[in-house]
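Given the structure of chain G, go ahead and fit chain C onto it with the hints provided.
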Amino acid sequence: MQTVKMVVTGPFNAGKTAFIQAVSEIDVVSTERKISSEAERIKETTTVAMDFGRITVDDDLVLYLFGTPGQKRFDFMWEILSEGMLGFIVIVDSARPETFREAKSILETFRAYAPTPYVVAANKQDMPDAWDVEDLRIALRIDSKIKLLPCVAPDKESVKAILLELLYSILEEMNEK
Amino acid sequence: MALKGNLRDFSVTQLLNLINLARKTGTLTIEGPTEAAWVSFRDGKLIYAQLGNEDGTLVGILLRGGLVSARQARAIKTHASDKNDKELGLLLINAGYLVQQSILASIRQYFLDIVYKLFNWGEGFFRFDAGVLPPEGRITIRLNLENIIIEGSRRMREWEKLKDEVPNLEMALDFVERPGANIRDVNLNVEEWKVVSYVNPKNTIAQIAKANQMNDLEIRRVVYGLLHAGLVEVVRPDGMPIPARVKQFKPIDEGQRVSLVNRLIQRIRSL
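Each protein sequence line maps, in turn, to chains G and C. Just so we're on the same page, the numbering used here is the position in the first sequence counted from 1, plus 8. Just so we're on the same page, the numbering used here is the position in the second sequence counted from 1, plus 1412.
Only chain G is shown next, with the shape it has when bound in the complex (with noise of 0.2 Å):
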């Protein structure tokens, strides 16, 4: 039996939980606990190890979709979850400019861990806050190389085109070796 991975990275509350939720065959195995930070107490519960959601995709072949957990002090988790992964994903929440800088760093320690493709998903953008793509293209100051694309997570079609998204950049990126 192969397995490949992606991991879904971003900020806290940027969506990862759900993105995952919304492809995975199986019920996201999800080590969410009760926020403990006033100051995060956007949600009542938050990632803390992993998401891990699953794709089979034929008798030999199953994908697996790591979420990383999105609070700073769980950041030691990193580079364990991006060890042998194919590609990752940076999911932004496009209606949290205060999240901007956090997601920017984010992709470059990702890039940093291992030179895989990637792409960037700009979630919620159902929002009425939701920033524009390309104004956030400007603000997180991504290459134009880098694919940036419109995503509401909880919408299985938006995750769906993300995912081939990545999966045509990975492919690209063997073609030009």
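None of these hints come from the bench; they were simulated from the model. One or more hints might be untrue.
Said to hold, decoys possible - Each computed SDA-like pair below joins lysine to any residue, with the alpha-carbon atoms no more than 20 Å apart:
| no. | chain 1 | residue 1 | chain 2 | residue 2 |
| --- | --- | --- | --- | --- |
| 1 | G | Lys-155 | C | Glu-1645 |
| 2 | G | Lys-155 | C | Lys-1457 |
| 3 | G | Lys-153 | C | Phe-1587 |
| 4 | G | Lys-155 | C | Thr-1441 |
| 5 | C | Lys-1575 | G | Tyr-121 |
| 6 | G | Lys-168 | C | Ala-1618 |
| 7 | G | Lys-164 | C | Glu-1645 |
| 8 | C | Lys-1573 | G | Lys-164 |
| 9 | C | Lys-1436 | C | Asn-1556 |
| 10 | G | Lys-164 | C | Ile-1677 |
| 11 | C | Lys-1457 | C | Gly-1472 |
| 12 | C | Lys-1416 | C | Gly-1444 |
| 13 | G | Lys-168 | C | Leu-1683 |
| 14 | C | Lys-1575 | C | Ser-1518 |
| 15 | G | Lys-155 | C | Lys-1416 |
| 16 | G | Lys-168 | C | Gln-1678 |
| 17 | C | Lys-1573 | G | Ile-146 |
| 18 | G | Lys-168 | C | Val-1646 |
| 19 | G | Lys-168 | G | Glu-184 |
| 20 | G | Lys-168 | C | Ser-1682 |
| 21 | C | Lys-1622 | C | Ala-1641 |
| 22 | C | Lys-1573 | G | Lys-168 |
| 23 | C | Lys-1573 | G | Glu-110 |
| 24 | C | Lys-1575 | G | Arg-109 |
| 25 | G | Lys-153 | C | Asp-1586 |
| 26 | G | Lys-164 | C | Arg-1679 |
| 27 | C | Lys-1573 | C | Ser-1518 |
| 28 | C | Lys-1573 | C | Ile-1677 |
| 29 | C | Lys-1457 | C | Ser-1518 |
| 30 | C | Lys-1573 | G | Lys-155 |
Claimed, not checked - DEER-style ranges, computed between Cβ atoms:
| no. | chain 1 | residue 1 | chain 2 | residue 2 | range |
| --- | --- | --- | --- | --- | --- |
| 31 | G | Val-70 | C | Lys-1575 | 31 to 41 Å |
| 32 | G | Glu-106 | C | Phe-1422 | 29 to 39 Å |
| 33 | G | Ile-34 | C | Leu-1430 | 54 to 64 Å |
| 34 | G | Pro-105 | C | Val-1598 | 51 to 61 Å |
Stated by the list, open to error - According to the in silico footprint, chain C covers these stretches of chain G (three or more CB under 8 Å from chain C):
| no. | stretch |
| --- | --- |
| 35 | 66-72 |
| 36 | 113-126 |
| 37 | 174-184 |
Using N, Cα and C, we set each Cβ at its ideal position, and we do this for glycine too.
Okay, now just chain C, sitting in the frame of chain G:
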């Protein structure tokens, strides 16, 4: 009561504020993560600072400040080894080599650099010895602590922000390949040009800083500006090993990888 403790519980900012408000006289010793520092105060004013094994003598300070060359510093040390800093300062002024203002400005800057560095020490033990003053013969000054605390706090905030933006100095820089981006069209200052001249995936940011004699804050400040201007990007340095992959995700050859990715694409399309 002994004024001693850990910087985790009582920060440098809080210590300086206490010394200022209580108009204390004495020497604060801080044992940081890698070196120690000694800062002396008289009536709540900063008068002297010394960091680790740095040459904090007048000659060392003048050399660091660019007021004397390395050759001149060696000559002074050889010919005036029996003189303390005060005597040496007077000698240099009377001989017309330097003026008093430039000597004092150099000392002031040296002391301030040390104290500002301490603001970034989050770990370490401190002890305040009341009444203990610098060795006789050392030149002291008098600086109000209020401005130092304000500037140090500002630098600390800047430092934290810069550390977030440029977290890893072992990474390298490369020029961004962007249509219309031309480094020659941009007005860079001397510091920025110095850094730009070393931009190459072979050089880590730490190596560029060392070559330009910049400290961590200075190099981060310049790199931050260049990144925000879209002129450079952070890249993995040439030759830096790629992290080993875990065993359960077996390495596969290129042909297999293409087939594997195509199978993944088909599957996700069908979801």
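Hint-by-hint comparison with the structure:
no. : hint                                 : result
1   : Lys-155(G) - Glu-1645(C)             : holds (17 Å)
2   : Lys-155(G) - Lys-1457(C)             : violated (56 Å)
3   : Lys-153(G) - Phe-1587(C)             : holds (15 Å)
4   : Lys-155(G) - Thr-1441(C)             : violated (53 Å)
5   : Lys-1575(C) - Tyr-121(G)             : holds (18 Å)
6   : Lys-168(G) - Ala-1618(C)             : violated (41 Å)
7   : Lys-164(G) - Glu-1645(C)             : violated (34 Å)
8   : Lys-1573(C) - Lys-164(G)             : violated (37 Å)
9   : Lys-1436(C) - Asn-1556(C)            : holds (12 Å)
10  : Lys-164(G) - Ile-1677(C)             : holds (15 Å)
11  : Lys-1457(C) - Gly-1472(C)            : violated (23 Å)
12  : Lys-1416(C) - Gly-1444(C)            : holds (14 Å)
13  : Lys-168(G) - Leu-1683(C)             : holds (8 Å)
14  : Lys-1575(C) - Ser-1518(C)            : violated (28 Å)
15  : Lys-155(G) - Lys-1416(C)             : violated (54 Å)
16  : Lys-168(G) - Gln-1678(C)             : holds (11 Å)
17  : Lys-1573(C) - Ile-146(G)             : holds (19 Å)
18  : Lys-168(G) - Val-1646(C)             : violated (30 Å)
19  : Lys-168(G) - Glu-184(G)              : violated (24 Å)
20  : Lys-168(G) - Ser-1682(C)             : holds (9 Å)
21  : Lys-1622(C) - Ala-1641(C)            : violated (23 Å)
22  : Lys-1573(C) - Lys-168(G)             : violated (35 Å)
23  : Lys-1573(C) - Glu-110(G)             : holds (11 Å)
24  : Lys-1575(C) - Arg-109(G)             : holds (12 Å)
25  : Lys-153(G) - Asp-1586(C)             : holds (15 Å)
26  : Lys-164(G) - Arg-1679(C)             : holds (14 Å)
27  : Lys-1573(C) - Ser-1518(C)            : violated (29 Å)
28  : Lys-1573(C) - Ile-1677(C)            : violated (40 Å)
29  : Lys-1457(C) - Ser-1518(C)            : holds (18 Å)
30  : Lys-1573(C) - Lys-155(G)             : violated (27 Å)
31  : Val-70(G) - Lys-1575(C): 31 to 41 Å  : holds (39 Å)
32  : Glu-106(G) - Phe-1422(C): 29 to 39 Å : holds (30 Å)
33  : Ile-34(G) - Leu-1430(C): 54 to 64 Å  : holds (58 Å)
34  : Pro-105(G) - Val-1598(C): 51 to 61 Å : violated (27 Å)
35  : 66-72                                : holds (count 3)
36  : 113-126                              : holds (count 8)
37  : 174-184                              : holds (count 5)
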